[in-house]
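Student: If you read the sequences in order, they're chains A and B.
Position 404 of the first sequence, counted from 1, bears residue number 404 in our numbering, the numbering being contiguous throughout.
Add 1000 to the 1-based position in the second sequence for our numbering, that's all there is to it.
For the record, the hints were derived by calculation from the structure and aren't laboratory data.
Computed from a predicted structure; not experimentally measured.
Be aware that one or more of the hints could be misleading.
Where chain A lies over chain B, by a calculated footprint (3+ residues, C-beta under 8 Å) [as the list claims (entries may be wrong)]: (1) 1059-1066; (2) 1198-1204; (3) 1211-1219.
Computed cross-link-like contacts, EDC-like style, restricted to lysine to aspartate or glutamate with a CA-CA straight-line distance of at most 20 Å [unchecked claim]: (4) K394(A) to D1126(B); (5) K390(A) to D1150(B); (6) K196(A) to E168(A); (7) K1107(B) to E168(A); (8) K1098(B) to E168(A); (9) K1102(B) to E1120(B); (10) K8(A) to E33(A); (11) K1067(B) to D1150(B); (12) K394(A) to D1150(B); (13) K383(A) to D1150(B); (14) K394(A) to E31(A); (15) K1102(B) to D62(A).
Note that CB positions come from ideal geometry on N, CA and C, so glycine has one too.
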Amino acid sequence: MQDMPDIKDKARAARSKKAAYGTDVDLESYESEARPQQAVSDAEDLPGVVKKAALDVGVKLDAEASGEFVQMDQTPVVAKSLYEGVEIMDIASALEKYDFLQDYWWKLVAPDADKYTADVAAAPAAGYFIRAKKGTKTVFPVKSCLYLGSSNLNQRVHNLVIAEEGSELHVITGCTTPSHVQRGLHIGVSEFFIQKDAKVSFTMIHSWGKEVEVRPRTGITIAEGGSLSNNYILLKPVKTIQTFPTATLAGRGAVASFNTVIYSSMGNIDVGSNVFLDAPETSAESISRVVSVGGEVIARGRMTGRVPGARAHLECVGLLLSDKGRIYSIPELDGQCRDLDMSHEAAVGRISEEELEYLMARGLTSEEATSVIVRGFLDVEIKGLPEDLKQEIKNITQREDLRGAA
Amino acid sequence: MWLLEIIDLSVSIGSKQVLKNFNLRINKGETHALFGPNGTGKTTLLNVIAGIPRYTVDAGRIMFKGKDITHMSMDDRARLGIGMAFQRPPAIRGLRLKDLIKIINPKADASAILKKMDFEAFADRDVNRGFSGGEVKRSEMVQLLAQLPDFVMLDEPDSGVDLENIKLIGEAINTLTQKDLRPSSRTRSGVIITHFGHILEYMKADRAHVMLGGSIVCSGNPGEILEEIKKSGYEGCAGCRTCQT
């Protein structure tokens, strides 16, 4: 099924189509063939370096989970369900097994959207398939790790997530490279189908290398009464990232909330969220917090209201702590009918002197006080996450060495 | 040796002189109260002792524990033993009060301190965020009880505080200034700014000063001075320049 000629044709046609945003990546400069990796039956049997890398991006493979998935380079090495009603498979096997997936595959992200989606469409499918079956609810997250372990590789991933009616699904995905990987490219296509009354949280933590380029392409649809809490965290250096996940609130009362936390010290980071409010009583919120001590961050947020009564709020707040950095905040509201309630607030500024002095009066050095304020600033209150996951996210911002200057 | 000795200190903010040839000496174990109308330089004095950088010291010196701290950084002063309860402290987003207590003093018994100030419910709240006026004052006392500075400065710790909590704050100040010990055994000292003196019913001050126009115009027994202010106002103090600092 994955060789559907239509998809391949479209992909071929878009092979050199530049993306609307972000710096242009020379795909030819990366290797597209990866050495196959050894699959294991249990995450415990993974090489230590992979387990450690997973842990660094908040994926505790030994803690309670409803499922596990690990992909090393192009090989899914673990795909395991640990909770009845939560199905985890590598996507190639899932496409073999289930014909119905052709109604989902490449339906929310177009294979010819740009050269990156085209590149993924042209390659053999690798990635995860996660399905929460109708009515299945669990607070234990599916833990997944996408590990780019070979230098100069173009890692291509295509994930499919389906939360069936009335289900509750939490997914945490850590995407990472070990320190020995100097250079690499990661392209990840993800499609999320959140069906009637399903509740999903998706948390993605990125930790790449200084010469790694990243192009996630995400499409989400949320049906009546469904909700999504999408959280993205990037605290480590990266060369370039560009992503603009697009969610459509398609059914009455659907809700989406995007939280983005970025600490930038170098590179070019262009991230945001794009939400279409297409049904009555839908609401969306996008909150981004950016700290820059270097590098360029473009924080986008776009909300399009197309049905009366839709509510949307955008918040882009940045702390710019160095002349070497740039924060370009672009909140966009596009109202296309009457009776909308859409708002945004954006601010780029510095750390308040008053807060610094207050903490210094308690004996903290200027550097310590800055670090405490930066951590606090990045500590976004995320709704809709299980306590453990919330704590894990908090731990990540706490343990990183977030200084006031590079 | 005095714990704190301020010698002929003149301070300005921008082009405005706020303190003029200011002199004050505080012994180990003593707690002093500062009275005076608004705008007379009381808060400036505390801020300058704390080392907040917006002020210019035009002349004079601040000696603490025998060291000249006039140009020392704020955090060095704090580590040397100076602490301050701010009049209007900022809120710090994302920093929980209980975490700040640990940062201020890893050895502090956070739960005992929070209990003492009847402030346990605020342990997981962001510092000062959404706190009422009275809650802010208790938050300041909680932090100082963790810091336990040798010299504590209290800028209107009683403003906006209800009667019940004034008592709590008064007790905390007594703890900070070791009023449970005999005077000769006390090592910690303090200075408090208060407008109405209610707090002095719940804490012990050893000496009081009246500030007018950037200088001390009268010093003496706190009770007597307060009585005098109540009777003839600060105008009375202005006319009475017989006291020696």
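Student: So if I understand the rule, the pair passes when the alpha-carbon distance is 20 Å or less; does K1098(B) with E168(A) pass?
Tutor: Roughly 33 Å between the alpha carbons, so the hint for K1098(B) and E168(A) is violated.
Student: Does E168(A) lie within 20 Å of K196(A) when you go C-alpha to C-alpha?
Tutor: Since the Cα atoms of K196(A) and E168(A) sit roughly 11 Å apart, the hinted pair holds (cutoff 20 Å).
Student: Residue count check for the segment 1059-1066 of chain B against chain A: does it reach three with CB-CB under 8 Å?
Tutor: With 0 residues close enough to chain A, the hint is violated.
Student: Next pair to validate is K383(A) with D1150(B); report whether the Cα-Cα distance is within 20 Å.
Tutor: violated (43 Å)
Student: For a C-alpha distance cap of 20 Å, please report whether K1102(B) and E1120(B) respect it.
Tutor: holds (15 Å)
Student: Please verify whether K394(A) and D1150(B) have alpha carbons no more than 20 Å apart.
Tutor: violated (35 Å)
Student: Within a Cα-Cα threshold of 20 Å, do K390(A) and D1150(B) meet the stated pairing?
Tutor: violated (39 Å)
Student: Okay, the segment 1198-1204 of chain B and chain A, do three or more residues pass the C-beta test at under 8 Å?
Tutor: violated (count 0)
Student: For the pair supplied as a hint, K1067(B) and D1150(B), confirm whether the alpha-carbon distance does not exceed 20 Å.
Tutor: holds (14 Å)
Student: Taken at face value, is the distance from the CA of D62(A) to the CA of K1102(B) at most 20 Å?
Tutor: violated (30 Å)
Student: When you check the alpha-carbon spacing of K394(A) and E31(A), does it fall within 20 Å?
Tutor: This hinted pair is violated, its Cα atoms lying about 36 Å apart.
Student: Going straight from one Cα to the other, do K394(A) and D1126(B) come out at no more than 20 Å?
Tutor: holds (14 Å)
When held up to the earlier numbered hints, the structure conflicts with 1, 2, 3, 5, 7, 8, 12, 13, 14 and 15 and fits the remainder.
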